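Enquirer: Spelled out from the first residue to the last, the chains are:
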Amino acid sequence: MTAETKKLNIIQAINEAIAEAMEANPKVVVLGEDVADKEGGGVVGVTRGLSTRFGDDRVRSTPISEQAIVGAAIGAAINGYRPVAEIMLMNFTTVAMDMIVNHAAKLRFMSGGQTGVPIVIRMMTGAGIASAGQHSDFLEAWFAHTPGLKVVAPSTPEDAKGLMLSAIADPDPVIFIECSRAYGTTAPVPVDLKPIPLGKAKVVREGSDVTIVSYSEIVVRALAAAAELEKEGVSAEVIDLRTINPWDRETVFASVRKTGRLVVAHEAVKEFGVGAEIAATVQEELFSALKAAIKRVGAPFTSVPFSRPLEEAFIVQPGQIADAARATLKTN
Amino acid sequence: MTAETKKLNIIQAINEAIAEAMEANPKVVVLGEDVADKEGGGVVGVTRGLSTRFGDDRVRSTPISEQAIVGAAIGAAINGYRPVAEIMLMNFTTVAMDMIVNHAAKLRFMSGGQTGVPIVIRMMTGAGIASAGQHSDFLEAWFAHTPGLKVVAPSTPEDAKGLMLSAIADPDPVIFIECSRAYGTTAPVPVDLKPIPLGKAKVVREGSDVTIVSYSEIVVRALAAAAELEKEGVSAEVIDLRTINPWDRETVFASVRKTGRLVVAHEAVKEFGVGAEIAATVQEELFSALKAAIKRVGAPFTSVPFSRPLEEAFIVQPGQIADAARATLKTN
Amino acid sequence: MSTTEQTSGINAAVPDKETQLEIYRRMALIKQNDEASRKVIRSGRLMMPYYSQRGQEVIPSAISVNLNADDQICTIYRGIHDMLAKGVPLKDLWAEIAGRVTGTCKGKGGPMHITHPASGAILTTGIVGSSMPIANGLAWSFKLDGSRRVAIANFGDGASNIGAFHESLNLASVWKLPVVFVCQNNRYAEHTKYEVGTSVDQVSKRAIGYGMPGVTVDGNDPFAMYAAAHEAINRARDGEGPTLIEAMTFRFFGHVFGDDDAYMDAGEKAAWVEKDPVPAFRAKLIETGVASEEQLSALEADIAAQIEGAIEYALGSDFPPVEELTRDVYAEAGAA
Amino acid sequence: MSTTEQTSGINAAVPDKETQLEIYRRMALIKQNDEASRKVIRSGRLMMPYYSQRGQEVIPSAISVNLNADDQICTIYRGIHDMLAKGVPLKDLWAEIAGRVTGTCKGKGGPMHITHPASGAILTTGIVGSSMPIANGLAWSFKLDGSRRVAIANFGDGASNIGAFHESLNLASVWKLPVVFVCQNNRYAEHTKYEVGTSVDQVSKRAIGYGMPGVTVDGNDPFAMYAAAHEAINRARDGEGPTLIEAMTFRFFGHVFGDDDAYMDAGEKAAWVEKDPVPAFRAKLIETGVASEEQLSALEADIAAQIEGAIEYALGSDFPPVEELTRDVYAEAGAA
Ligand SMILES: Cc1ncc(C[n+]2csc(CCOP(=O)(O)OP(=O)(O)O)c2C)c(N)n1
Ligand SMILES: Cc1ncc(C[n+]2csc(CCOP(=O)(O)OP(=O)(O)O)c2C)c(N)n1
Ligand SMILES: [Mg+2]
Ligand SMILES: [Mg+2]
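Protein chains in written order, with the working numbering: chain C, 6 to 337; chain G, 6 to 337; chain Y, 118 to 453; chain W, 118 to 453.
If you're looking for bench data, these hints aren't it; they were derived computationally from the structure.
Bear in mind that the values here come from a model prediction, so they are computed numbers and not experimental data.
Incorrect hints may have been included.
Which chain G residues face chain Y? A few, computed with CB under 10 Å, are given here [unchecked claim]: (1) Leu36; (2) Ile74; (3) Ala77; (4) Gly85; (5) Ala110; (6) Lys111; (7) Met115; (8) Gly118; (9) Asp177; (10) Gly265; (11) Ala332.
Computed spacing ranges between beta-carbons, pair by pair [to be verified]: (12) C/Gln322 / Y/Asp377: 48 to 54 Å; (13) Y/Ala450 / G/Phe292: 26 to 32 Å; (14) C/Gly85 / Y/Asp435: 41 to 47 Å; (15) G/Lys205 / W/Ala379: 52 to 58 Å; (16) G/Phe292 / Y/Arg162: 47 to 53 Å; (17) W/Asp187 / Y/Asp376: 42 to 48 Å; (18) Y/Gly263 / C/Gly85: 54 to 60 Å; (19) Y/Asp435 / C/Ala232: 30 to 36 Å; (20) G/Gly324 / W/Gly328: 57 to 63 Å.
The calculated lysine-lysine pairs, modelled on DSSO-like cross-linking and capped at a C-alpha distance of 27 Å, are [stated by the list, open to error]: (21) Y/Lys310 / W/Lys260; (22) C/Lys263 / G/Lys205; (23) W/Lys392 / Y/Lys322; (24) C/Lys296 / G/Lys205; (25) C/Lys43 / Y/Lys386.
Ideal Cβ positions, reconstructed from N, Cα and C, are used throughout, including at glycine.
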């Protein structure tokens with residue numbers, strides 16, 4: 006017997022998660038630019054309907070003041086609220102890094118455990134929609150390098166809903182990354198979906214020759230690469246990390262022990278990216294199990310360009326992931 | 006015949022570099038909080054004497070407004086000036102990340118090469134002086150992950166002076182990191198020191214068994230570790246990266262080809278740090294040359310604590326670096 | 118239109134007939150270009166995020182006639198009107214918007230990042246508030262040069278609530294920089310009404326907190342806008358420091374092309390469209406004998422032809438080669 | 118002392134004798150604690166960055182007597198006076214400053230990061246300006262709760278030039294939050310004189326830009342400070358929104374313990390020290406019969422004993438075990 010499901014896209018999935026959390030816990034509040042229905046319920050509609058349903062006090066549109074937005078969320082969280090703050094686009098976290106890094110991330114530690122900051126900071130990003138240099142960056146590596154923060158980046162509607170439920174329930178600050186390109190992706194989601202624990206990856210395709218680890222919308226491209234490889238008789242296992250920090254070492258290690266080969270792929274520029282941490286850790290922990298050098302696939306070391314052909318060349322393509330996998334198979 | 010030298014500490018070395026650059030090029034200007042002599046010539050005196058010597062127009066103390074400081078530097082640089090901006094402590098870059106990342110780093114690219122931003126952003130940081138959670142972080146990994154920026158972190162007075170001369174002459178934005186703990190370090194510096202090129206590492210100790218790569222003040226600890234190892238008959242080669250981005254792959258590769266073993270050590274938290282990029286790259290490029298897994302040494306994944314014994318435990322110690330080197334020697 | 122500081126009145130500068138005609142030409146150029154842009158996008162010939170400036174034509178037109186070619190401006194994603202008024206060539210602009218290698222930025226910046234130093238168009242930023250700190254830097258360089266050049270920072274009403282606004286106006290004032298801060302108050306910040314996000318009834322009142330002259334002016338009245346800009350720009354040139362100008366105007370369309378503007382007050386919008394400043398100024402020029410109907414029709418036809426030519430030029434140009442993806446991240450080796 | 122808004126005068130609240138005595142007790146506590154702190158550091162018994170509050174005793178003393186235990190404050194590195202006035206216990210405070218496990222934060226925060234929720238002391242930040250956005254959040258939670266609690270944000274004159282100040286005052290005003298912004302204007306930001314960094318003669322004038330009442334008050338006059346705080350705090354409690362109070366005072370020492378204060382104007386400093394508010398108020402209390410010399414001496418002796426006891430307690434306490442280094446980064450597993 007399979008659970009009853011309902012088709013949702015990622016926007017609807019996150020909206021449902023926040024609505025269910027607000028329904029269950031009166032302390033859950035939402036703030037950000039244009040998030041209330043009078044302001045259209047969010048620029049892409051993630052928070053649409055919430056202010057109408059839960060009232061203008063619990064869902065507040067803000068001025069364009071990201072430091073004030075995150076600061077308000079931190080203060081309310083210290084006093085027991087569960088704010089879900091929207092920073093419209095990931096690049097705009099650059100005007101709020103002090104609040105996020107020096108305060109949200111550190112206050113529990115600096116106070117010796119007295120003040121916790123259970124906030125969720127939602128943001129969208131991603132190339133591919135002609136938003137160019139200042140509206141498309143994936144900066145998850147910055148936040149993953151910051152003790153005190155958790156970082157989540159779902160690729161499916163079900164994960165988006167389940168992980169948002171856990172992020173809101175989590176006692177610590179969570180950076181929740183939504184890929185603009187993926188918002189429209191629809192899939193059936195169990196009607197009674199339970200929270201999906203943070204820190205647990207998901208094997209989205211089983212395989213035996215090479216492991217491909219990814220997250221956010223690039224997982225879709227990793228699966229396309231795996232399909233390509235299958236035609237060549239190469240069996241690729243694809244892991245959706247889902248949570249970037251803390252990342253699920255056990256699931257990744259188990260897969261690499263089996264395949265002996267690893268490719269890590271993400272949208273952010275390759276250099277000093279999340280792929281480096283995973284590669285460095287795996288070679289350190291599973292050195293003798295590795296049959297080939299670990300390959301990383303990411304964007305070239307440049308800004309996101311506007312011109313369509315350059316933007317296409319910027320975004321990681323399935324072919325690049327497949328090539329990296331092939332490379333790990335050559336050298337053994 | 007050896008060049009004439011003069012004993013300088015790192016504060017004096019950087020001060021001399023800026024003074025020489027200002028002397029040679031009237032477009033070099035300095036701005037930041039308290040940098041002019043009326044305001045004491047900087048909180049630790051790096052810019053002391055410059056306003057008296059070059060005038061209050063070229064050396065300006067600013068309000069406490071880091072976004073305005075970096076913005077002013079960017080605009081002046083676009084029009085041909087060479088601003089050396091001080092952000093007092095690295096943690097304060099968190100209030101200026103938009104100017105640094107979305108603008109200084111990207112304007113050359115987004116304008117198709119029309120507007121370059123030749124600025125130097127100086128900052129000090131480092132644990133060990135009881136400054137606790139919000140005044141001690143090493144955040145170089147963020148900037149190294151940002152296309153368009155260069156990142157420099159010297160460990161000696163000579164390198165500090167020579168690299169600052171190159172940073173000011175560089176056509177692109179340079180993040181220049183000064184370790185507070187190391188300011189007092191004195192050493193002889195050639196009187197007619199020429200600029201030291203960015204992107205070139207330095208083998209500060211030759212060895213044949215294991216390579217230790219580091220930068221900033223941790224290099225001193227890496228050398229101490231090497232001395233410790235020598236007593237055990239282990240010959241460690243120590244490389245001071247000096248420039249973190251672009252980093253000197255050739256020098257590191259050549260050393261690892263020789264030793265087959267690599268340890269990367271830095272002050273920042275290990276996870277998602279610069280060590281990950283170096284380890285990931287080296288295992289990818291020199292997989293078959295590696296005799297053991299690459300080890301990384303960094304701070305534990307936590308905020309910088311105040312209490313003296315915890316702070317001591319936070320900072321990477323020579324013993325940890327030596328242990329990592331020993332580990333690479335066991336597994337072969 | 119109430120003002121925190123009186124600028125109109127006896128010493129208010131009045132544009133001569135020639136200048137009035139030039140202001141109109143720039144207004145017509147902006148209006149026709151905006152219409153053409155929306156048409157091209159609607160037709161699917163180009164895909165881009167487009168922020169209509171329709172309704173805000175007067176502001177940059179009346180400001181820019183007070184500027185020299187070597188004066189510089191910084192603006193925002195909604196800034197094509199500022200760019201055209203400052204003189205960015207239509208062909209280069211359209212080629213950039215079309216992502217072509219012949220564009221101002223080789224197609225790498227796009228509509229949100231137009232830069233054309235030759236016209237004094239230095240920065241188009243996509244980050245709210247960020248035109249101001251950088252305009253200060255341009256102005257600082259002019260002061261260091263000892264020149265009389267001036268920098269203009271354009272931004273919106275919503276941007277007056279972000280930190281960069283505050284830091285920039287304070288620094289410009291204590292350093293007495295030759296910069297003019299132009300807040301184009303179109304009553305909305307994306308979907309948010311002015312009063313929902315802003316704690317003061319007039320942005321210009323914030324100038325008091327920076328010891329700087331501040332003025333609220335009818336940004337849809339070419340004469341009032343000209344006078345306010347003239348005074349502020351001369352103040353900057355004369356080394357007397359910055360000015361904050363709040364130019365009241367209205368956005369005729371949604372925030373970005375394609376957004377349904379249900380969040381906008383239909384009645385308010387209709388009233389503003391009713392007072393469309395472009396046809397209004399056109400009629401005034403004819404009525405006051407500054408220009409004839411024929412003259413203006415010819416001018417408009419000429420603009421239309423130029424725009425058509427620019428679009429053809431853009432669409433006929435090549436896309437940048439893929440090597441451009443990693444070029445201009447750093448200066449070419451050897452450069453300094 | 119000029120003020121942008123009149124608060125003194127007929128309806129100005131006046132502290133009763135008991136309250137006057139309590140204000141003095143807190144002032145004496147802060148002064149004696151500051152002297153003890155500098156002595157301990159000079160003697161080498163403790164190593165820490167120390168930001169003397171000597172000269173600024175009146176401000177938190179006259180404010181805090183208007184607060185309840187469940188009202189909350191945010192302050193800055195120079196904030197031990199605010200913390201003591203709000204009621205943070207001396208022993209816990211000294212243990213924290215000494216980096217001991219018995220400290221308010223188990224020794225992990227240190228003097229720049231004192232937090233003691235039980236006293237309503239929520240945040241001590243080392244980042245200029247950052248006390249304000251978070252105080253807004255505390256105030257927002259009170260508003261959501263429907264309570265009459267109030268939040269206080271302390272900061273310096275230099276902090277009034279950073280972006281967070283602007284965003285915070287604007288948001289507090291549009292959301293009508295129960296928060297009071299207290300700018301402790303001690304004339305210097307590190308080594309920089311007020312007028313070198315600040316573009317307006319009175320920080321309180323910036324309130325105009327946020328549609329918020331702003332007042333400049335003599336922060337060294339317990340009666341004036343009490344009246345201003347009383348009015349602003351009641352305004353917040355009554356749901357009438359935020360207030361900006363600029364309390365004029367002076368820093369008797371360099372920015373941080375050990376810096377040579379050559380950059381300070383010796384004459385200016387001497388004049389302020391001459392008017393030291395603590396002995397001045399002490400004399401007034403005796404002269405007006407609020408307290409006797411004997412009473413105050415006894416009170417001071419008691420404070421001295423408490424401070425000595427706290428120092429002994431702190432120095433006698435253990436350092437945190439090394440496991441604390443990685444504890445409290447995240448909540449213990451299972452917590453929510
Ligand atoms: C720091 C930052 N936050 C949010 C945004 C998203 N955003 C883009 S335009 C805009 C509204 C700006 O309104 P206003 O300043 O009035 O300018 P207008 O668009 O009306 O010309 C917002 C919130 C941004 N670009 N930058
Ligand atoms: C964002 C930021 N920039 C710079 C500093 C360094 N700094 C610490 S205190 C200080 C001066 C603050 O002066 P003021 O606000 O007047 O407070 P006061 O110290 O006089 O009480 C500065 C610049 C900082 N802590 N944070
Ligand atoms: Mg607007
Ligand atoms: Mg001060």
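Enquirer: Against each hint, give a clear statement of whether it holds in the structure.
Expert: Okay, the hints, checked on the actual structure:
no.	hint	in the structure
1	Leu36	holds (9 Å)
2	Ile74	holds (8 Å)
3	Ala77	holds (4 Å)
4	Gly85	holds (7 Å)
5	Ala110	holds (9 Å)
6	Lys111	holds (9 Å)
7	Met115	holds (4 Å)
8	Gly118	holds (4 Å)
9	Asp177	holds (5 Å)
10	Gly265	violated (32 Å)
11	Ala332	violated (37 Å)
12	C/Gln322 / Y/Asp377: 48 to 54 Å	violated (34 Å)
13	Y/Ala450 / G/Phe292: 26 to 32 Å	holds (30 Å)
14	C/Gly85 / Y/Asp435: 41 to 47 Å	violated (59 Å)
15	G/Lys205 / W/Ala379: 52 to 58 Å	violated (40 Å)
16	G/Phe292 / Y/Arg162: 47 to 53 Å	holds (50 Å)
17	W/Asp187 / Y/Asp376: 42 to 48 Å	holds (44 Å)
18	Y/Gly263 / C/Gly85: 54 to 60 Å	holds (59 Å)
19	Y/Asp435 / C/Ala232: 30 to 36 Å	holds (34 Å)
20	G/Gly324 / W/Gly328: 57 to 63 Å	holds (60 Å)
21	Y/Lys310 / W/Lys260	holds (23 Å)
22	C/Lys263 / G/Lys205	violated (40 Å)
23	W/Lys392 / Y/Lys322	violated (36 Å)
24	C/Lys296 / G/Lys205	violated (32 Å)
25	C/Lys43 / Y/Lys386	holds (16 Å)
Violated hints for the displayed structure, listed by number in ascending order: 10, 11, 12, 14, 15, 22, 23 and 24.
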